[in-house]
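Participant: Sequences listed follow chains A and B, in order.
Take 1 as the starting number for the first sequence in the working numbering and just add one per residue.
Take 1 as the starting number for the second sequence in the working numbering and just add one per residue.
Because the hints were derived from the structure by calculation, they are not lab data.
In this text, all values refer to a predicted model and were calculated from it rather than measured experimentally.
Take the hints with a grain of salt, since some may be wrong.
One copy or two, it doesn't matter: identical chains are merged, so the pair holds either way.
[Stated by the list, open to error] No farther apart than 30 angstroms at their CA atoms in a straight line, the calculated lysine-lysine pairs in the BS3-like style are these:
id	residue 1	residue 2
1	49	146
2	73	3
3	337	3
4	49	3
5	73	146
6	257	70
7	337	49
8	49	73
There are 2 protein chains.
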Amino acid sequence: MPKRQGRQTLWLTNRPVIAASAGVVGKKEGEGPLGREFDKVFDDAHLGKDSWEKAESAIHRSAVALALQKAKKSPDEVDLLLAGDLLNQCIGTTFGVMDFGIPFAGLYGACSTMALSLAMAAVLVDSGAAGCAVASTSSHFCSAEKQFRSPLEYGGQRPPQAQWTATAAGAAVLEAGRGDVTVESVTFGRITDYGVTDANNMGAAMAPAAAATIADRLMQTGESPADYDLILTGDLGAVGSALLIELLAREHGINIKPQHADCGTMLFDLDEQDVNSGGSGCGCSGAVVCTNVVRRLRQGELKRVLFVGTGALLSAVSARQGATIPCIAHGVVLTSK
Amino acid sequence: MPKRQGRQTLWLTNRPVIAASAGVVGKKEGEGPLGREFDKVFDDAHLGKDSWEKAESAIHRSAVALALQKAKKSPDEVDLLLAGDLLNQCIGTTFGVMDFGIPFAGLYGACSTMALSLAMAAVLVDSGAAGCAVASTSSHFCSAEKQFRSPLEYGGQRPPQAQWTATAAGAAVLEAGRGDVTVESVTFGRITDYGVTDANNMGAAMAPAAAATIADRLMQTGESPADYDLILTGDLGAVGSALLIELLAREHGINIKPQHADCGTMLFDLDEQDVNSGGSGCGCSGAVVCTNVVRRLRQGELKRVLFVGTGALLSAVSARQGATIPCIAHGVVLTSK
Numbered sequence: 001m002p003k004r005q006g007r008q009t010l011w012l013t014n015r016p017v018i019a020a021s022a023g024v025v026g027k028k029e030g031e032g033p034l035g036r037e038f039d040k041v042f043d044d045a046h047l048g049k050d051s052w053e054k055a056e057s058a059i060h061r062s063a064v065a066l067a068l069q070k071a072k073k074s075p076d077e078v079d080l081l082l083a084g085d086l087l088n089q090c091i092g093t094t095f096g097v098m099d100f101g102i103p104f105a106g107l108y109g110a111c112s113t114m115a116l117s118l119a120m121a122a123v124l125v126d127s128g129a130a131g132c133a134v135a136s137t138s139s140h141f142c143s144a145e146k147q148f149r150s151p152l153e154y155g156g157q158r159p160p161q162a163q164w165t166a167t168a169a170g171a172a173v174l175e176a177g178r179g180d181v182t183v184e185s186v187t188f189g190r191i192t193d194y195g196v197t198d199a200n201n202m203g204a205a206m207a208p209a210a211a212a213t214i215a216d217r218l219m220q221t222g223e224s225p226a227d228y229d230l231i232l233t234g235d236l237g238a239v240g241s242a243l244l245i246e247l248l249a250r251e252h253g254i255n256i257k258p259q260h261a262d263c264g265t266m267l268f269d270l271d272e273q274d275v276n277s278g279g280s281g282c283g284c285s286g287a288v289v290c291t292n293v294v295r296r297l298r299q300g301e302l303k304r305v306l307f308v309g310t311g312a313l314l315s316a317v318s319a320r321q322g323a324t325i326p327c328i329a330h331g332v333v334l335t336s337k
Numbered sequence: 001m002p003k004r005q006g007r008q009t010l011w012l013t014n015r016p017v018i019a020a021s022a023g024v025v026g027k028k029e030g031e032g033p034l035g036r037e038f039d040k041v042f043d044d045a046h047l048g049k050d051s052w053e054k055a056e057s058a059i060h061r062s063a064v065a066l067a068l069q070k071a072k073k074s075p076d077e078v079d080l081l082l083a084g085d086l087l088n089q090c091i092g093t094t095f096g097v098m099d100f101g102i103p104f105a106g107l108y109g110a111c112s113t114m115a116l117s118l119a120m121a122a123v124l125v126d127s128g129a130a131g132c133a134v135a136s137t138s139s140h141f142c143s144a145e146k147q148f149r150s151p152l153e154y155g156g157q158r159p160p161q162a163q164w165t166a167t168a169a170g171a172a173v174l175e176a177g178r179g180d181v182t183v184e185s186v187t188f189g190r191i192t193d194y195g196v197t198d199a200n201n202m203g204a205a206m207a208p209a210a211a212a213t214i215a216d217r218l219m220q221t222g223e224s225p226a227d228y229d230l231i232l233t234g235d236l237g238a239v240g241s242a243l244l245i246e247l248l249a250r251e252h253g254i255n256i257k258p259q260h261a262d263c264g265t266m267l268f269d270l271d272e273q274d275v276n277s278g279g280s281g282c283g284c285s286g287a288v289v290c291t292n293v294v295r296r297l298r299q300g301e302l303k304r305v306l307f308v309g310t311g312a313l314l315s316a317v318s319a320r321q322g323a324t325i326p327c328i329a330h331g332v333v334l335t336s337k
């Protein structure tokens with residue numbers, strides 16, 4: 001059963017297990033430093049579909065199908081699927097997962113969705129509400145650009161602080177029992193708003209949310225950064241990561257520099273792949289956590305990881321109305337035995 | 001702790017209590033048959049804001065603030081707020097609730113959001129994951145029309161089967177302990193797709209989802225419709241309600257006619273208020289359940305209610321691409337002592 005510490009952190013006393021997980025990506029992501037980690041690389045950005053949205057649904061479906069297959073589970077054995085994405089009304093998810101017929105709870109956490117879905121799934125499995133749950137998410141560069149910025153054909157210039165929405169999806173199968181990789185605890189974030197209005201600078205908008213969740217968690221639990229092998233944000237990019245480290249040091253006296261990494265700077269080679277500040281999008285941390293991070297935990301290379309998924313809760317409408325970009329970050333602690 | 005029956009239904013053995021709830025509406029909803037039930041009626045559809053989206057955030061905020069006030073809770077006493085709405089990236093919710101500073105889990109369930117948020121909040125409180133949780137949602141006629149159909153100024157004709165998105169919000173404060181109105185059990189729905197593509201006929205699209213959740217629940221629990229005083233859908237409207245009754249009778253041999261009511265036909269006077277098939281939108285069932293239904297339970301007029309929130313998981317993009325309208329329905333059983 002979950003045990004609360006403070007009002008944000010829950011210790012999962014039954015330690016739900018990540019039975020299996022999968023990450024699938026597009027061509028550009030497959031050419032990045034983590035290319036060999038992924039379960040599938042789709043060279044065709046359309047995945048044979050006639051719209052970017054349908055292509056995103058197809059990668060979402062693929063990640064869930066592969067995770068289920070690796071966990072040797074049929075969809076009928078899953079009690080609840082918790083998922084969401086960046087598209088309006090989360091259609092990437094809906095059309096991606098509906099054919100599985102699994103009871104479904106839709107989430108909206110923008111790019112924090114992998115952390116939010118993992119956290120929710122873990123709490124539900126820990127309490128026995130679900131015997132087996134799937135957490136998943138997706139993003140697609142083309143569907144996101146079209147929706148949030150401008151048509152691809154327009155060829156808009158991208159400022160150096162901009163991030164590159166990953167074409168990727170991640171899925172994890174959680175269940176009660178024993179296993180190599182477990183969810184030890186979770187920390188639900190609060191919405192923060194630092195007044196950033198530049199929709200091309202998500203890293204700056206999201207860094208304060210990550211700082212708040214990390215500071216809240218460490219304060220509430222009495223932990224220090226050294227209690228983790230890795231404090232992994234997803235996805236602040238290079239600009240946001242620098243801001244996070246500075247914010248935590250200056251405002252909270254916390255130094256996470258030795259432990260910190262960011263899924264957005266791991267997914268791409270920032271010098272070679274022309275992605276400016278790094279990767280972003282729900283699928284970025286989704287695919288990185290569900291492959292590289294879970295693998296390193298499973299192999300014992302990592303022992304205890306604080307994964308902090310960050311999401312910018314703006315819409316194209318709120319941005320055009322000049323509104324600020326409220327953000328949120330959720331923390332999930334993964335451990336290996 | 002939640003106890004599973006089948007893979008969709010959870011019995012909440014600690015019976016989380018609805019400490020208080022609130023519903024707020026716009027002028028048209030305030031003139032309807034339930035006008036006197038609501039905690040606040042806003043005569044100005046703008047609520048003094050300069051956009052419909054900001055007006056929706058204001059009604060969302062108002063419902064949460066009133067529910068907290070009635071429960072005699074400060075935001076600091078709430079462990080988690082679970083909420084969502086219909087707007088792209090759920091900005092109605094984000095900008096509505098961010099100032100409370102409550103840890104936040106965003107949901108997307110379209111018009112099923114009140115049921116989804118109540119179900120999630122109840123399960124989390126039941127397991128001790130949250131000591132106190134808020135479930136809330138909102139919709140606004142003008143922000144929804146603008147986003148899903150056409151600008152209000154266009155004055156598009158509405159076919160008779162169309163529903164009228166309510167300008168309304170509902171919020172409920174759940175906690176452990178004793179009280180008059182409790183959440184007894186919940187049933188998470190599966191996504192259904194009957195191939196409906198007419199975005200002006202949500203009732204027809206959503207009726208099969210409601211039928212599936214009701215049939216799944218009754219089959220898994222061995223209950224019959226007569227075990228409830230009220231089987232309340234939200235929101236199928238007149239067209240969808242008739243289809244639901246027919247579908248359940250024909251495909252499952254279940255007759256819910258004596259127990260059935262629908263939030264969309266309760267909120268408005270269908271003969272007088274020019275709303276065609278009835279109300280819809282997250283706020284419709286949100287406001288109706290959080291006022292009228294909870295009051296009747298509190299006063300003992302109702303003993304056991306199966307509230308089935310229905311959501312159409314389309315977007316304007318998927319509709320324009322000719323996609324079908326996948327739908328979902330979640331069930332929450334409310335009881336009075």
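Participant: Each hint should be assessed against the structure and marked as holding or not.
Facilitator: Do the hints match the structure? See the list:
Taking CA atoms no more than 30 angstroms apart as the test, residue 49 paired with residue 146 passes in both settings, with 16 angstroms inside one copy and 29 angstroms between copies. For the homomeric pair residue 73 and residue 3, the shortest alpha-carbon distances inside one copy (29 angstroms) and between copies (22 angstroms) are both at most 30 angstroms. Taking identical chains as interchangeable, the C-alpha atoms of residue 337 and residue 3 lie at most 30 angstroms apart whether they share a chain (20 angstroms) or sit on different chains (28 angstroms). Taking CA atoms no more than 30 angstroms apart as the test, residue 49 paired with residue 3 passes in neither setting, with 45 angstroms inside one copy and 42 angstroms between copies.
Taking identical chains as interchangeable, the C-alpha atoms of residue 73 and residue 146 are never at most 30 angstroms apart, the minima being 36 angstroms within one chain and 43 angstroms between chains. With identical chains, the CA atoms of residue 257 and residue 70 are never at most 30 angstroms apart, being 35 angstroms at best within one copy and 45 angstroms at best between copies. Proximity of residue 337 and residue 49 under a CA criterion of 30 angstroms is satisfied in neither setting, with 42 angstroms inside one chain copy and 54 angstroms between copies. Taking the closest pair of Cα atoms, residue 49 and residue 73 come within 30 angstroms of each other only inside a single copy of the chain (27 angstroms); across copies the shortest separation is 50 angstroms, beyond that limit.
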